[in-house]
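Peer 1: All chains, please: the whole structure from these sequences, using the hints.
Everything in the sequence shown is counted per this note's numbering, starting at 1 for the first residue and increasing by one.
It is worth saying that the hints were derived from the structure and are not from the lab.
Certain hints may be false.
Restricting the straight-line Cα-Cα distance to at most 25 Å, the calculated cross-link-like pairs of lysine to aspartate or glutamate (DMTMM-like) are [to be verified]: (1) K78 - D35; (2) K324 - E382; (3) K318 - E262; (4) K93 - E378; (5) K110 - D85; (6) K78 - E49; (7) K74 - D85; (8) K174 - E262; (9) K174 - D53; (10) K46 - E187; (11) K46 - E94; (12) K30 - D83; (13) K30 - D68; (14) K46 - E213; (15) K191 - E49; (16) K191 - D35; (17) K191 - D180; (18) K324 - D312.
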Amino acid sequence: NVAGRGKKKDQGHLGRRKQDGVRTWKIGGKLYALDAFLPRHPGGPKVLELARDGFEDSTYAFESHHTDIARAMKVLSKYEVGDADSPGPMCSKEGSFFYELKRRTQVYLKGTENGAGPDSTCVVTFATTLAAWFAFFAATLATGWLTCALLTGFCGALLAGFGHNWAHQPRYHKWAWVLDLEGLNSEGWFKHHDLEHHMYTNLPADSHFTILEPFLVTNPTAERHWLQATITPYLTPVLFFIASFVSYLVTTVEKALGTAPEPFYPTFWLQWMQIVVLMSAHGWWGLALAVLKNGIMSEWYLTIAFINHNTDNAWRMKDRAHAKDWAEAQLCASSDIGHPRLSFMSSARYLWLNYHTVHHLFPHTDMSKHPGIQAVMEQCCEDFGISYCRGKSMWTLYVEMVNTFKEPKDLLNQALRECTM
1 NVAGRGKKKD QGHLGRRKQD GVRTWKIGGK LYALDAFLPR HPGGPKVLEL
51 ARDGFEDSTY AFESHHTDIA RAMKVLSKYE VGDADSPGPM CSKEGSFFYE
101 LKRRTQVYLK GTENGAGPDS TCVVTFATTL AAWFAFFAAT LATGWLTCAL
151 LTGFCGALLA GFGHNWAHQP RYHKWAWVLD LEGLNSEGWF KHHDLEHHMY
201 TNLPADSHFT ILEPFLVTNP TAERHWLQAT ITPYLTPVLF FIASFVSYLV
251 TTVEKALGTA PEPFYPTFWL QWMQIVVLMS AHGWWGLALA VLKNGIMSEW
301 YLTIAFINHN TDNAWRMKDR AHAKDWAEAQ LCASSDIGHP RLSFMSSARY
351 LWLNYHTVHH LFPHTDMSKH PGIQAVMEQC CEDFGISYCR GKSMWTLYVE
401 MVNTFKEPKD LLNQALRECT M
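Peer 2: The structure is reproduced here in structure tokens:
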């Protein structure tokens, strides 16, 4: 069931996944022993190990990260060791929606600059934005001016968009450290965002599902108490503003206590370094400047990110329940923003998250290729008779997002009624 639950693995299941003492990957109802392939995996060994050790089934991770699915299946077949001992999702077959979408997308990417990777405009814009961040931060440190801190925060939001992009691409993952400039914990993204969130969007295994609880609840099946239903949804801007800074402080404590999934790493300290130098130069005002610049980034980025998955289109439960494969289900779990086919530079206002459906179907593909892939996807949806909701205005989606925070049970009940009709 592509609309069903994503389940994290328990130790008992790890034992059942061993063949002659070798731990295996469950993909499309088969078991594969890929240990010998780890050093040669183009995406690196880490993502394979996370996909194996984090969940019962690696099918969705395999499907979404291989556009040339025929070639990937040919390589995978060399490592097959048997059938899985429990049911699970199957890989898309030739002639299916996702298979055909990937085939057409592969053809499109072959005709673009740098294939699935960033084009020159993307790389130059990234370098320019990074230089601007350092320039504005230096100006903030030297002058203590509020305006400089605000501009640093704006650049930080753009860098968050870039860092999110780089975190998904093995060849450019080393550039994802820019997320740490604003305390976004770049090492945690590889597992919690790329695998858990992308594979099981808006399902219990989605690491983003409960990220702002108990203040904002996104689960449509969860009861809201009066505060969550009547007060905190209208405090969304305030909560988004402080969320990243508070999360960074909490993560620091968890890492210090050894309870965080990932230990400390060098660039994690970049946010603390900024706080120290700003307070050394400007005292408590320096701390206020650090919170302000981080809050600007947090407000902008989280607004877009939560709109992507908490709107009417992202909770189309009837369509998701009847989806024939993982890709079709993803169309019912993501929302695009604004006018279709916006240029790369025009998409900066949305931190390049406006083509979010495309991004979820092809997470390893650079955001500079999203407009072209959207056109391919629209045609493919039309050919297969699949509903795809094009982007609405930012304000419309914002109102829908707040409504899902405060009235999700109405949305759920409506969807359940539709499913039984």
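Peer 1: Quick one, are K46 and E94 close enough, alpha carbons at most 25 Å?
Peer 2: Violated, because 29 Å separates the two Cα atoms, which is more than 25 Å.
Peer 1: Between the alpha carbons of K191 and D35, is the straight-line distance 25 Å or under?
Peer 2: Holds - the C-alpha atoms of D35 and K191 are around 19 Å apart, at most 25 Å.
Peer 1: Compare the distance between the alpha carbons of K46 and E187 with 25 Å, and conclude whether the hinted pair is satisfied.
Peer 2: Holds, because 12 Å separates the two Cα atoms, which is no more than 25 Å.
Peer 1: Given the hint that K30 pairs with D68, test it: the Cα-Cα distance must not exceed 25 Å.
Peer 2: holds, 19 Å
Peer 1: Take a quick look at whether K78 and D35 sit within 25 Å of each other, Cα to Cα.
Peer 2: holds, 12 Å
Peer 1: Given the hinted pair K191 and E49, is their Cα-Cα distance within 25 Å?
Peer 2: holds, 10 Å
Peer 1: Holds or violated: are the alpha carbons of K46 and E213 at most 25 Å from each other?
Peer 2: Violated, at about 30 Å.
Peer 1: Between K93 and E378, is the straight-line Cα distance small enough, at 25 Å or below?
Peer 2: Roughly 20 Å separates the two Cα atoms, so the pair holds.
Peer 1: Are the Cα positions of K74 and D85 separated by 25 Å at most?
Peer 2: holds, 23 Å
Peer 1: Please work out if K324 and D312 have their alpha carbons no farther apart than 25 Å.
Peer 2: Holds, at roughly 21 Å.
Peer 1: Does K324 pair with E382 here, judged by a C-alpha cut-off of 25 Å?
Peer 2: Cα-Cα ~15 Å, so holds.
Peer 1: Given the hint that K174 pairs with E262, test it: the Cα-Cα distance must not exceed 25 Å.
Peer 2: Between K174 and E262 the Cα gap is close to 17 Å, so the pair holds against 25 Å.
Checked against the numbered hints given earlier, the structure breaks hints 3, 5, 11 and 14 and satisfies all the rest.
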